[in-house]
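Can you build the whole structure from these sequences, using the hints too?
For the record, the sequence lines run as chains U and S. First residue of the first sequence? That's 1 in the working numbering, and the numbers climb one at a time after it. First residue of the second sequence? That's 1 in the working numbering, and the numbers climb one at a time after it.
Bear in mind the hints are in silico, worked out from the structure with no lab data behind them. By construction, the Cβ of each residue, glycine as well, lies at the ideal position given by its N, Cα and C atoms. Be careful, since some hints might not be right.
Chain U residues, not near chain S, derived (Cβ > 12 angstroms throughout) [as the list claims (entries may be wrong)]:
| hint | residue |
| --- | --- |
| 1 | Gly78 |
| 2 | Asp90 |
| 3 | Thr116 |
Cut-off 35 angstroms, straight-line C-alpha distance, at most; resulting in silico cross-link-like pairs (DSBU-like, lysine-lysine) [as the list claims (entries may be wrong)]:
| hint | chain 1 | residue 1 | chain 2 | residue 2 |
| --- | --- | --- | --- | --- |
| 4 | S | Lys129 | U | Lys129 |
| 5 | S | Lys40 | U | Lys101 |
| 6 | U | Lys101 | U | Lys150 |
| 7 | S | Lys150 | U | Lys150 |
Protein chains: 2
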Amino acid sequence: MRSIPLILVFVLAVAIGATVIGMPAAVEYPSGYRSWQHVKSMIIQPGHPLEDPFGGIHHIYANPKALDGLRSGNYESGAVFVFDLLDFTDRDRTIVEGERKRIDVMQYDPDRFSGTGGWGFDTFVGNSKSERVDQNVVNACFDCHQSAAKSNYVFSQYRQ
Amino acid sequence: MRSIPLILVFVLAVAIGATVIGMPAAVEYPSGYRSWQHVKSMIIQPGHPLEDPFGGIHHIYANPKALDGLRSGNYESGAVFVFDLLDFTDRDRTIVEGERKRIDVMQYDPDRFSGTGGWGFDTFVGNSKSERVDQNVVNACFDCHQSAAKSNYVFSQYRQ
Chain U
1 MRSIPLILVF
11 VLAVAIGATV
21 IGMPAAVEYP
31 SGYRSWQHVK
41 SMIIQPGHPL
51 EDPFGGIHHI
61 YANPKALDGL
71 RSGNYESGAV
81 FVFDLLDFTD
91 RDRTIVEGER
101 KRIDVMQYDP
111 DRFSGTGGWG
121 FDTFVGNSKS
131 ERVDQNVVNA
141 CFDCHQSAAK
151 SNYVFSQYRQ
Chain S
1 MRSIPLILVF
11 VLAVAIGATV
21 IGMPAAVEYP
31 SGYRSWQHVK
41 SMIIQPGHPL
51 EDPFGGIHHI
61 YANPKALDGL
71 RSGNYESGAV
81 FVFDLLDFTD
91 RDRTIVEGER
101 KRIDVMQYDP
111 DRFSGTGGWG
121 FDTFVGNSKS
131 ERVDQNVVNA
141 CFDCHQSAAK
151 SNYVFSQYRQ
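Next comes the structure, spelled out in structure tokens:
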């Protein structure tokens, strides 16, 4: 039996929305982001139009340059935000965090990402530092973030 | 009309659960805690037995010594946790953070707080660095935290 060409496996994987391992990420995995500044949190519940793929409790983290940008409104190259999405359990009048579903990363580098407002985007599945959803995420993310063009494509606002 | 003695004002304020300003705090206000490690978050909803006073979305922050303690199980003097309690709005299948209700602080200093497992406790109302609920908070906090004696009176667990 002939083996299936690798390119076909890849194309199929993307076509069915499967996770992809080993392709270069659009942005680097944000090592150590859990110790960055926690900016804010929010829950998207079942039945919300954005439930797929954003249902869960998410926390936003900012590295020092991203935090400076939140305060000043201007971002330096190297600013990175992480959208850390966890499952949750809603039971007995509590909502408790569950497993990590994915992290979404946006990294500012206007030379590298000139076509998307200076920001690169990527997604890492679960706790993986390499497994990603597919390669269309940059444009999909930017399409939505364009509605925040006035705040440099960043949805979060600084809060005390 | 004779003025009301100050001590009576204080006793009344405590008796009715009013906020108290100007008394020495059991522990110091945790300056800069918003940049400490975000440990975890949880929501306590209306109708939960702990709704008063813990209803809201809370975030737990740990200073470096507290983070070391979470990992090792042993705490050094100076470890501090903050329980940062915010109001929330539950609307249109989202839960969004609101104003800060209070922060609760626990600080490890076994010499100073030998009667309460080595931990001192205090509460700061809203965004105030000096306004507190009353002076009974140390024992009230410890009464509940005793159920976590096996983990050095700390409820939170380290999560990735």
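Do the hints match the structure? See the list:
no. : hint                   : result
1   : Gly78                  : 18 angstroms, holds
2   : Asp90                  : 8 angstroms, violated
3   : Thr116                 : 26 angstroms, holds
4   : S:Lys129 with U:Lys129 : 40 angstroms, violated
5   : S:Lys40 with U:Lys101  : 15 angstroms, holds
6   : U:Lys101 with U:Lys150 : 29 angstroms, holds
7   : S:Lys150 with U:Lys150 : 51 angstroms, violated
Violated hints, in rising order: 2, 4 and 7; the structure is consistent with all others.
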